[in-house]
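Novice: Each chain is listed here by its residues.
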Amino acid sequence: MTTDVILAVEGVDVFYGASKILFGVELQVERGRTLALLGRNGAGKSTTLKAIAGIAPPRTGTVRLGGVDLAGSRPDIIARAGIGYVPEDRQVFPLHSVEDNLMIGAKKGPQGQDYWTLATVYETFPILAGMKERRAGLMSGGEQQMLTIARTLMGNPEVLLLDEPSEGLAPIIVQAIAQLIRTLRKMGVTIVLAEQNMHFCLGISEDAAVIDKGHIVYRDTIQGLRANEAVTKRYLAL
Amino acid sequence: MLEIDALAACLSSPACLVNQTTTGLIIGMLLFLVASGVTLIFGVLHVINFAHGSFYMLGAYFAYTAYITTGNYFVAAAAGALGAAICGIVFERLIISRVYGQNVLMQLLVCYAFILIVDDLVKIIWGAEYLSMGIPAEFRLPPYRIAGGFVPPFYLFMVAMAVIIGLGSLWIVTRTRFGKIVRAAAHNASMVSALGIRVQLYFAALFGLGCALAGVAGALAAPVRSLTPGMGLGILVESFIVTVIGGMGSIPGAFLAAIILGLTRSIGSVGFPLFVDGAMFMIMALVLIFRPTGLLGQGTLR
Ligand SMILES: Nc1ncnc2c1ncn2[C@@H]1O[C@H](COP(=O)(O)OP(=O)(O)OP(=O)(O)O)[C@@H](O)[C@H]1O
Ligand SMILES: [Mg+2]
Chain P
1 MTTDVILAVE GVDVFYGASK ILFGVELQVE RGRTLALLGR NGAGKSTTLK
51 AIAGIAPPRT GTVRLGGVDL AGSRPDIIAR AGIGYVPEDR QVFPLHSVED
101 NLMIGAKKGP QGQDYWTLAT VYETFPILAG MKERRAGLMS GGEQQMLTIA
151 RTLMGNPEVL LLDEPSEGLA PIIVQAIAQL IRTLRKMGVT IVLAEQNMHF
201 CLGISEDAAV IDKGHIVYRD TIQGLRANEA VTKRYLAL
Chain H
1 MLEIDALAAC LSSPACLVNQ TTTGLIIGML LFLVASGVTL IFGVLHVINF
51 AHGSFYMLGA YFAYTAYITT GNYFVAAAAG ALGAAICGIV FERLIISRVY
101 GQNVLMQLLV CYAFILIVDD LVKIIWGAEY LSMGIPAEFR LPPYRIAGGF
151 VPPFYLFMVA MAVIIGLGSL WIVTRTRFGK IVRAAAHNAS MVSALGIRVQ
201 LYFAALFGLG CALAGVAGAL AAPVRSLTPG MGLGILVESF IVTVIGGMGS
251 IPGAFLAAII LGLTRSIGSV GFPLFVDGAM FMIMALVLIF RPTGLLGQGT
301 LR
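One line per chain: the protein sequences are P and H, in this order.
Reading the first sequence from the start, the letters are residues 1 to 238 in the working numbering.
Reading the second sequence from the start, the letters are residues 1 to 302 in the working numbering.
Derived by calculation from the structure, the hints in this document are not laboratory data.
Incorrect hints may have been included.
[As the list claims (entries may be wrong)] Taking lysine to aspartate or glutamate pairs in the EDC-like style, the calculated list, with each CA pair at most 16 Å apart, reads:
id : chain 1 : residue 1 : chain 2 : residue 2
1  : P       : K186      : P       : E158
2  : P       : K108      : P       : E158
3  : H       : K180      : P       : E133
4  : H       : K180      : P       : D100
5  : H       : K180      : P       : E99
6  : P       : K186      : P       : E206
[As the list claims (entries may be wrong)] The calculated label-pair distances, taken between Cβ atoms and stated as ranges, are:
id : chain 1 : residue 1 : chain 2 : residue 2 : range
7  : P       : G224      : H       : R177      : 40 to 48 Å
8  : H       : R177      : P       : R59       : 30 to 38 Å
9  : P       : T117      : H       : L105      : 42 to 50 Å
10 : P       : A119      : H       : L286      : 31 to 39 Å
Positions of the beta carbon are idealized from the N, C-alpha and C atoms, including for glycine.
Sequences and hints are given; from them, build the entire structure.
Specialist: What follows is the structure, encoded as structure tokens:
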């Protein structure tokens with residue numbers, strides 16, 4: 001089996017002040033695949049994504065993108081290296097219009113990729129095309145979630161980190177977001193999807209890693225995880 | 001205290017009105033430029049630049065030297081703006097960025113130290129005595145006569161420059177990509193940075209822009225005021241009053257408040273010469289009581 005690991009996280013420890021949150025986290029993400037990072041509330045999913053994005057810089061360990069270690073670099077350098085981060089609490093720029101939010105995210109990818117532009121984003125997210133001038137702060141939660149994903153895509157990332165994109169949204173919106181992630185996957189975007197809900201990930205991701213109390217405790221395909229009742233019971237409370 | 005007769009005489013004489021209004025406007029325009037820098041920097045970086053007057057002074061001295069060397073006032077004005085911007089960027093990167101988000105007393109202390117250092121450097125470089133640049137050659141023309149009053153051409157130039165520069169900064173902040181990024185970063189710097197933008201550079205550039213506004217004000221003041229180390233302090237205090245009256249973060253507010261203060265100053269010098277400063281602070285107190293966010297302020301930069 002040939003593997004093409006684009007993102008490799010090794011031995012990452014993260015502290016918030018004096019408390020240690022991540023303990024030697026290891027993850028491998030293969031190019032073009034989607035990895036679900038599953039775990040309960042407070043398990044360390046968001047912190048793992050923040051560590052990769054440079055927002056919660058690892059104290060030790062490496063975060064390699066295509067072989068280059070980015071651990072400890074500033075978030076903007078990591079973003080320009082090709083890692084796109086979509087935070088769990090959406091963080092749209094509330095006083096800016098939808099289009100201005102998108103334009104702030106606009107850049108070329110590290111290899112000059114320029115697939116994502118206003119035109120392609122509006123094509124993929126027709127809902128945003130209908131509200132270009134609306135202030136982002138006035139959008140619904142689901143619309144804001146679409147906007148944050150689209151804003152990060154405008155930066156043409158090679159790897160997309162998505163933190164609980166379905167959180168707190170109505171089932172129909174959750175379906176739309178699942179559909180969107182499948183579309184992105186078909187386009188070849190590599191995705192790390194942090195989720196509490198394994199069922200949301202089933203039709204979306206190929207691979208799975210389970211995190212608990214800051215430790216990666218299980219790695220497999222998502223189908224392998226689903227079949228492993230011992231693990232899902234113990235770590236995902238299913 | 002109130003010189004009712006003199007005030008009434010001036011208000012009923014078109015010549016006196018024209019003269020006092022022009023004087024008020026140019027005081028107001030200088031205040032506006034300095035205050036819009038204060039307001040921009042505060043609106044984005046949430047830091048009060050107590051050292052802003054120093055950049056006004058530096059702008060004036062740079063313009064003076066550039067005018068002496070080149071004899072061209074337009075070069076001098078550009079040198080004042082650019083020189084102040086560069087000093088501002090250095091000050092931001094090396095000093096003030098270290099106290100972002102810290103206790104305001106700490107920021108005040110750091111700025112005060114900077115003010116003293118710059119004042120002394122000015123004494124070393126340009127000397128402690130008053131310098132005077134005089135009306136630049138380009139503007140040594142007979143004054144316009146409007147309704148019996150005299151309006152020097154340079155005054156008109158000052159007002160026009162201030163309006164153009166004010167509109168220009170408003171355009172930069174609201175319409176350009178730079179301005180949009182900077183305003184987004186004012187709310188959420190870490191998200192902007194996660195989108196691949198080097199936020200610190202934008203902050204430094206914004207600080208430089210604010211200082212350029214002070215610098216150009218200094219350059220515009222150089223022909224009509226005498227240059228002296230410490231000249232930044234008075235305008236600093238007045239520009240804070242303008243910022244508070246206009247509303248922190250609002251450039252149009254700064255414009256309105258600066259004109260109100262300028263006219264209070266010029267009309268007041270006729271009508272209540274002993275209470276001019278008192279009147280300015282009284283206006284500020286009234287605004288703070290009845291509209292604490294200032295005339296056009298919304299509490300944040302929009
Ligand atoms: N800024 C912070 N300061 C201190 N502790 C924090 C901070 N952010 C998170 N933590 C702690 O770190 C641990 C991991 O948090 P994290 O947000 O990574 O969990 P999560 O798996 O994303 O949970 P959720 O499903 O609720 O989003 C938790 O115990 C949390 O309380
Ligand atoms: Mg989380």
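Novice: Starting from K180 (chain H), check that the Cα of E99 (chain P) is at most 16 Å away, please.
Specialist: Distance ~11 Å between K180 (chain H) and E99 (chain P) Cα, so the pair holds.
Novice: Check the following: the C-beta atoms of G224 (chain P) and R177 (chain H) are separated by a distance inside 40 to 48 Å.
Specialist: 47 Å, holds
Novice: Given the hint of 30 to 38 Å, check if R177 (chain H) and R59 (chain P) actually sit that far apart at their C-beta atoms.
Specialist: 35 Å, holds
Novice: Are K180 (chain H) and E133 (chain P) close enough, with their CA atoms no more than 16 Å apart?
Specialist: 14 Å, holds
Novice: Does the beta carbon distance between T117 (chain P) and L105 (chain H) stay inside 42 to 50 Å, or does it fall outside?
Specialist: 48 Å, holds
Novice: Could you grab the alpha-carbon distance between K186 (chain P) and E158 (chain P) and see if it respects the 16 Å cut-off?
Specialist: 14 Å, holds
Novice: Quick one: are A119 (chain P) and L286 (chain H) within 31 to 39 Å, going by C-beta?
Specialist: 53 Å, violated
Novice: Between K186 (chain P) and E206 (chain P), does the CA-CA distance stay at or below 16 Å?
Specialist: Distance of about 12 Å is within 16 Å: holds.
Novice: Given the hinted pair K180 (chain H) and D100 (chain P), is their alpha-carbon gap at most 16 Å?
Specialist: 7 Å, holds
Novice: Would the hint linking K108 (chain P) and E158 (chain P) be met if the CA-CA limit is 16 Å?
Specialist: 11 Å, holds
Hint compliance for this structure: hint 10 alone is broken.
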